[in-house]
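Chains as they are written, first to last, in my numbering: chain A, 4 to 100; chain B, 3 to 613; chain C, 563 to 734.
Hint data in this document are derived by calculation from the structure and do not stem from the laboratory. Model, not experiment: these values are computed from the prediction. No residue lacks a Cβ here, since even glycine has one placed at the ideal position from N, Cα and C. Among these hints, one or two may not hold up.
Far from chain A by the CB rule (all over 10 Å, computed), these chain B residues [claimed, not checked]:
id: 1; residue: 20
id: 2; residue: 113
id: 3; residue: 205
id: 4; residue: 489
Partial list, derived from the structure: chain A residues whose beta carbon lies under 8 Å from chain B [claimed, not checked]:
id: 5; residue: 23
id: 6; residue: 83
id: 7; residue: 91
id: 8; residue: 93
id: 9; residue: 96
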Amino acid sequence: MEFGLLLSAVLFVLGLIGVMVRRNLIMILMSLEVMLNATGLAFIVAGSRWGQADGQIMFLLILTLAAAEVGVGLGLVLQIFHRFHTLDADSVNEMQG
Amino acid sequence: MLELLGWVPLFPFLGFLILVLASERFSEPLAAWIGIGSVGVSALFVSLIGFEFLNGTMQPFKLVLGSWIEMDDISVPFGFYLDALTMTMLFVVTGVGFLIHVYSAGFMASDPSYARFFAYMNLFVSAMLVLVLADNLALLYLGWEGVGLGSYLLIGFWYKDPNNGYAARKAFVMTRIGDTALALGLFLLFTQLHTFDIQSLMLGAENQWPPGTLLPMVSAALLLGGAVGKSAQLPLQTWLPDAMAGPTPVSALIHAATMVTAGVYLIARTHSLFMLAPTVQFVVAVIGALTLLIAGCSALVQTDIKRVLAYSTISQIGYMFLALGAGAWSAAIFHLLTHAFFKALLFLAAGAVIFCFHQEHNIIKMGGLRKAMPLTFWSFMIGGAALSALPFTSGFYSKHEILMAVFEVSPVLWAAGCLGALITGIYSFRLVFVVFFGVQSEVVEKSPGWCMSAPLFLLGILALSGGMLQVPLGTVFPVLTSPDRDFTFNLVSAITVAAPLLGLLIAVLFYLTGAFSAQRLANYSWAKPLRLFFLGGWGMDALYDKLFVHPFKTITRLNKNDAVDGLYLAIAWLSQKLHLLVSASQTGRVRWYASSLVLGTVAIIAIGLLS
Amino acid sequence: MELILFYLTSAVALFATVMMITRLNAVHGLLYLILSLLSVGVIFFLLGAHFAAVLEVIIYAGAIMVLFVFVIMMLNQGQKTIDQENAWLQPGVWILPSLMALVLLVEMAVIVVLGGNAQTGHIVNSKQVGIALYGPYLLAVELASMLLLAGLVGAYHLGKPILKITRPGGNS
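I would like the entire structure built from these sequences, with the hints used as guidance.
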């Protein structure tokens, strides 16, 4: 059981590293998916440990969140690409202080 | 009928509101009708009230319209108080005010801000009526500040000329010094006697304060400070000559007939307090005597027609102060009344001259206007005669009464008063002779219309016969014991009568017949600086410049980068720098933000684990 | 037995994820991501969350990843992309994903062969999930539907071919 949570933590951190390291917007979004998925895994593990349905329900909610996030996120990526002709996240830094 | 009192100040105020709200939308006749009509209705009400009051018992009448301030232990009603003194002031304010309003309709014709002028005038009249009607000092102070505001607005009426704005500010600031003293006196009286009601205050002061002790002295001195500021007496008199920057009807109404006499009214209203402080009362007399001499000398050499009259106003109010100081209360108010008539007349006549003589103020450039403007000439003659108190004019009765009363108190002050009367005779007829006799230099371009002539005519009659008016002030003031009619009395009386006549004679010799030449006199080496000294109002302006304005300017220059401001500027500077520091972190890079988020999360988790 | 399967799948998931975040090419990364998701799905199955496992495969590894594929296709146009495609389709690229997918397949086969006793935790079947979902969590379902609606509207708006450009110098 601890191993399940550990795996979820490791996956989460890997996704986080991806978000912070990658510059390609699509890769960042994909890393975000990994993070969300890791969170879902943690819920499933907990639900499985206690034999409760709530874990899976939380996973379902995370799933809907991920779906919406990807829909909007990819739409934004498309727009950014149309405007800047690049997928480099760092080049889209017009809103700096 | 007496209940109509509440309407008296209300009508001009309504007129003010209407005119101010309508602004310049009204046509000139409509604005004039509203402006004059509101004051006219007030005057009508005042005459109705006066008829009933004077034919009745003349017992003081109180009318409480409502509550103004109602607090824990402070209660200030909108209360009006009517006695013979108030009645006199009401007649002056509404009667003379009405005539001057009518005159203004002609004088201000074709001024682009016609309605604004009448709005301000109405505001002033309304405030002045509140001042004289108020039964408590707080309400009186409201009127007091109201007339100050009206005066400020009207002096600076032609605000496009910065000099006028400067004159208005000067008047406002100078009177403010007095007003501050008045406010302090008001607070002192309230804290000591726990009421604002004037009659209760006077009663309380008489009952609780022994004469000549500190409290009545201080409070009387503070009230005197207010009166000195408003009435342009030494040492706060310098604003009045500059106040002539306003339109001439304004000078006639505010700076001759009504507002500047508010100080006299205040002292007369609180005379019980001044009687408890004999030293202060004597100071009042000394101030009056000094002022009338100083202002009289200045009036001798002025060349601006309105400045001559301004200095003469200061001088005449000096007489009223002299009378107040001598305890001749009713004589002071009587002089106030007659002065309102003849000074308004003089100002309006001067206004007519200025009006018809293409806005010329310099009397040297005038001359020989006697034939061209007969009515104005006779108005000036009557006004000048009354001003210099030639026998059988109104000014004669009041001034004579004053000087006789003063002699009982102090022969020195009486001598000063007589000298002043002599000087008055010289400068008033100097004005008449220079302007109306001699060679006519330029043609008169227009003549005053009926609405300028009629007030001149009426005021001329009043200035001549005003001395016959019997003001029943005995119900308000303690009656003076009339002195024995011995030889000294007769001699003094004779000298008092002779002084202005001698002044007239000197004026005739210098300015009419040319037996002596003022020009030659002025060329003497000793006369030149003296003339300049007088011309500048005894250097008071320069003195104040040196004493107050320059040090103040120096201080402000030194403290231009305000030390206290420095603290706030430092805060602003610090936050700006912090802003720059923090804004550097706003790189616009999503990955950077994500990293910051992670850093923060890590830190929070670390804190959670370690604690 | 189940634990061995669990560790093995975890190893695949971790490896696939590491590979995914280190890939230079988006398509390669996407393949590894799908692999990672599939392996997590297997872990769900092992944990007894069958319903979640099915959803993981259908929606996550299926529907959502298809979106990524679409976007990558839309954003890589022209000759440059074709050259890239050629470079990508080298045989070596396929080996690792295929290998790991094979491992997953074997695991599934083992589970299927050994019978339904392969979970390491409690079984929470889809009936329980459904009852909880439309009982106490009804409001959450509504909220999720609102979220999806918002996502739909947002995606529709952002996905319009040309958004008005107000920025001077911008082009679309």
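Review point. Of the hints stated earlier, which fail here?
Key: 6, 7
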